[in-house]
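Peer 1: Each chain, written out:
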Amino acid sequence: MAIVIRMPKMSDTMEEGVLVSWLKQEGERVEPGDVIAEVETDKATMELEAYDSGVLLKQVAKPGQAIPLGGVIAILGEPGEDISSLLAELEGASEPTPAATPAPTSPPESAPHPAPGPVAEPDGRPSTSQTERIKASPLARRMAREAGIPLEAIVGTGPEGRIIKRDVEAALARVRELVPPQLPRPETPVLLEEEAYEAIPLTPMRKTIARRLSQSMFSAPHFYLSIEVDAHPLLEARQRLNALSEVRISVNDFITKACALALRRHPEINASWAETEIRRHREVHIAIAVAVEEGLVTPVIRHADRKGLAQIAREAQELAERARNRKLSPEELEGSTFTTSNLGMFGIDSFTAIINPPNACILAIGAIRDVPVVEGDQIRPGKRMRLTLSCDHRVVDGAMGARFLATLKGLLENPLAMLL
Amino acid sequence: MAQKTTARTNDTPGASQITSEVSPSLVGATYSHRDIGLSDDQVRAMYRLMLLQRRFEEAAAKAYGERKIGGFLHLYIGQEAVSTGAEFAIRPDDYVISAYRDHGIALARGVSARACMAELFGKITGCSRGKGGSMHYFSREHNFLGGHGIVGGQIPIGTGVAWAIKYRGEDKVCLTFMGDGAVAQGVFHESLNMAMLWRLPVVYIIENNEYGMGTAVSRAHATPDLARRALAYGMPNAQIDGMNVFEVYRGVKEAVDRARREHIPSLLEIKTYRYRGHSMSDPGTYRTKEEVEAYRKRDPIANLRYYMLEVGLVTEADLEEIERSVRAEIQDAVAFAESSPLPPEKTLYEDVYTDPDYPFLA
Amino acid sequence: MAVMEFREAVRLAMIEEMERDERVFLMGEEVGLYDGAYKVSKGMLERFGPMRVVDTPISEAGFAGIGIGAAMVGLRPIIEFMTWNFSIVAMDQIVNHAASILYMSGGQFNIPIVFRGPNGAAGQLGATHSRSLEATYAHWPGLKVVTPATPADAKGLLKSAIRDDNPVLVMESELMYGMKGEVPEDPEFLIPLGVGEIKRPGKDVTVVAHSKSYHLAEMAAQELEKDGIEVEIIDPRTIRPLDIELIVSSVKKTNRLVIVDECAPFGGVASEITYHVQLRAFDYLDAPIVRVTTKDTPAPYAKNLYEYWMPRLDEVIEAIKKVLYR
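Residue numbers (this note's numbering), protein chains in the order written: chain A, 1 to 420; chain B, 421 to 782; chain C, 783 to 1108.
So that you can see chain A by itself, here it is in the shape it has in the complex:
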């Protein structure tokens, strides 16, 4: 019966051995303890001893060849023994056989050991990306989560703006003031069955919208001023200008220009809250909310007060186009001092908008409606448009906002004045 000599483990770390040379030739007699070959392990060149007796029938491994542990090195047997079928079999089984016969497994143990100590509960929420990271102590995060207050809504007073326990407590106090106790408590949301909704993963844009607008809504006390504008002169002027202009000028472009000029006259509106101070911006940069597929963006028309209508129109079209193609660069989205949002094209008469931080105000523009207008003792068809200004009360008071709106109305109703 032929005996297969396999690569033995000759050091505690070896994975394979290289056959250096044969010391017994095919046909030679081998006794236990005889050195039949030299094998180089990861540590040294070792002598390969035979454990059995017989004749070396076949040198399977060639000098220089690396043989994995358990791989075939040689075949030992009786002189003249036919080993062709054994060789074929070994060749077929290219993988070396596993060395140790698997030991009977130990009695099944469900748990290795009473788990030593509690194990951390992984927080299942998706982590916010690096750029959106809000610094908050773990305690503050938990308190805010339990109270249902987004961290975005809390101003941190710890080192580097870290939100800490006292900041959450302050925010909680504000919420309690705002929400009368008889109203349903915000922290008891209706639990939905899992099947009742489809989970939509948050896009980075959605997260930014959520963060910035909730921060604005929770930290900036909003109030709203609404005014009706006679849009007839505006539409007339637009018709005439468009007959001359190479670019098509929209109502919105007029409003942008009007806002810019009004802001020049009311620098207190062209401002930001900066915790320790109010900043009045020296330049007027107007952001325009543009709806895109996954949300909205607010590209900025810089120095809108110094630009002509045609240029504003050109830029606005280009920015809107690039917004829809997601081609806007970060610089084109930054630095606004005021924002306008127009939902008129959707038939919305009037609405209130959330201030786009760090602006102090945002103008919500409704649709131009055909309305009966009483003029003297006559009723005639008229065009009216409702504008609603959202103001951050920390920066802008009611009268200031009202004066700005009056200026704006005056400009829009006398569009030629804008061309001056």
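If you are wondering where the hints come from, they were derived from the structure by calculation, not from laboratory data.
Residues from chain B that face chain A, not an exhaustive set, calculated with beta carbons under 7 angstroms:
hint : residue
1    : Lys482
2    : Gly485
3    : Arg487
4    : Gly491
5    : Phe492
6    : Ser701
7    : Pro703
Mimicking EDC-like on lysine to aspartate or glutamate, the simulated pairs with C-alpha atoms at most 16 angstroms apart in a straight line are:
hint : chain 1 : residue 1 : chain 2 : residue 2
8    : B       : Lys709    : A       : Glu49
9    : C       : Lys824    : C       : Glu812
10   : B       : Lys482    : A       : Asp12
11   : B       : Lys482    : A       : Glu49
12   : B       : Lys482    : A       : Glu47
13   : B       : Lys482    : A       : Asp34
Note that the coordinates shown come from a computational prediction; the quantities given were computed from them, not determined experimentally. Each residue gets a CB set at the ideal place from its N, CA and C atoms; glycine is no exception.
Assemble chains B and C onto chain A, guided by the hints.
Peer 2: Chains B and C alone, transformed into the frame defined by chain A:
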């Protein structure tokens, strides 16, 4: 006038031949076993015990090659007379502690081949429940205190066992084995000093097999007569031929009696030789084949075999029967180790502390 | 109750246990004829004789090993290191042998031994004599590490250590040996190993401090009390096993943690506690955990450098204010 006999058959895998191509003058040259108080049965038992160690180590080497044994494997082959002669010189209630080349010493103490082999295989049935491995055999039942992996680490511990014997007023002794390399360790000297200072019943046995791993004794020790280290502490000492089991028995017996009766420790340097490398990965490049062959000619098992035949203690048939029974015992041990279960995972946290409820950290 | 010095409490514990169990003996350098390098074992040689109060040569590894051997066969040695600094030469015996033999023998040989002596800095003694080794030894499974801060704790913990069936390392302090306190005289007064103590209740901030550092924390707490800050001081008392639940429950209450620890900063006791607190009380932390340790250098000799190197009162106060955002 060398005589050649064969004590194996070709169907014994891995078994080396015990031949008596030896100088017949070694064992029993100047005295007979009865002269030193050994009965015929004891001599036959000595032979069987040495053969058991040899066959055990050969089977272990084979299993290591087959990747059934992990870690390091330090074989005792060639040194069997030391463990055997020493064991016959003490009582079962005496203590033995050793370094990591401990298989032969544990077998000599009476730890079963099954428990020893199963430990190598990392099984729960091993003499250390699969937690010690080759270097860390223990058996409370046999007063075998390990199996210690750090060179010299067991020397003060064996000394402390002797301290406890004295503290309790018992008449036991503690044999503390070490290799020649351990003599260079600081604790060797600390221990000998205190043992002599306090008159502790300890017998230190240096198994000088000529090499501390790959470093010859002469390359590691300023004075290669290691027994002489005892002189600095005023301790009795002797050099003993470790290839001659009667010499080992006689020398250890004398030291043990002195320790037991007078509480005087001794340092014995037993000159022996390991045929195999330091461990399985040792290519043995630091010594010549001729040197190994010269020692094989003085093989302690072959020596005793020759003596027993000469004085008529055994017949060839008796020897074959001993060989057969040893082989069967080893085959049984391997089969037992193979079929034993692995330690259940829960045992990982057992035996760290005696407390059943220790609060392990995660 | 009786008022006694820390060293007397240690001595009382040893005497009581040696009278209770004749397997217990004391061995070490100068423990007998000299009455102990710090007079801890004063009078014990006379009381118990030279087989039970054993003066050794200066062979720390040797007599540590002798203790281990004696423990292997059933004695219950108390091995005194003149200071834990010197245990470093015996570390092989403590770590590779005392801590491992129960495990390596598959549960056959336990080592009921106590190693004890003063630990940590004790004035201008330079690098070799100022080490705090509790974290080093607590690193090794198989050992228990005890660090009493008061005379009463010293007695109750040492008695438990002597009765424990495992190797227990009791770390005292040269600077605390003369410290006085109330100590129960009950010979069965035992403090279980692994149970910490709230040494000072408070609601604003948790300070964990063991051994000598406890007293520093107490000074800081008294100072901050004037500012209306209520410091809770936890003394774990045992470093291994560590009463992490007590620490965590305190942190859950105060939301902030300062650890005062005389170990070197890298991998010290403070580091280990910090890991467990962040794991178990992450959502309760309102500030990063701050530690006050010896500086990341060997101990200096010069007085000014030494005083700077040690954990200082001003550092502890500053750390507490930092976690309070004050």
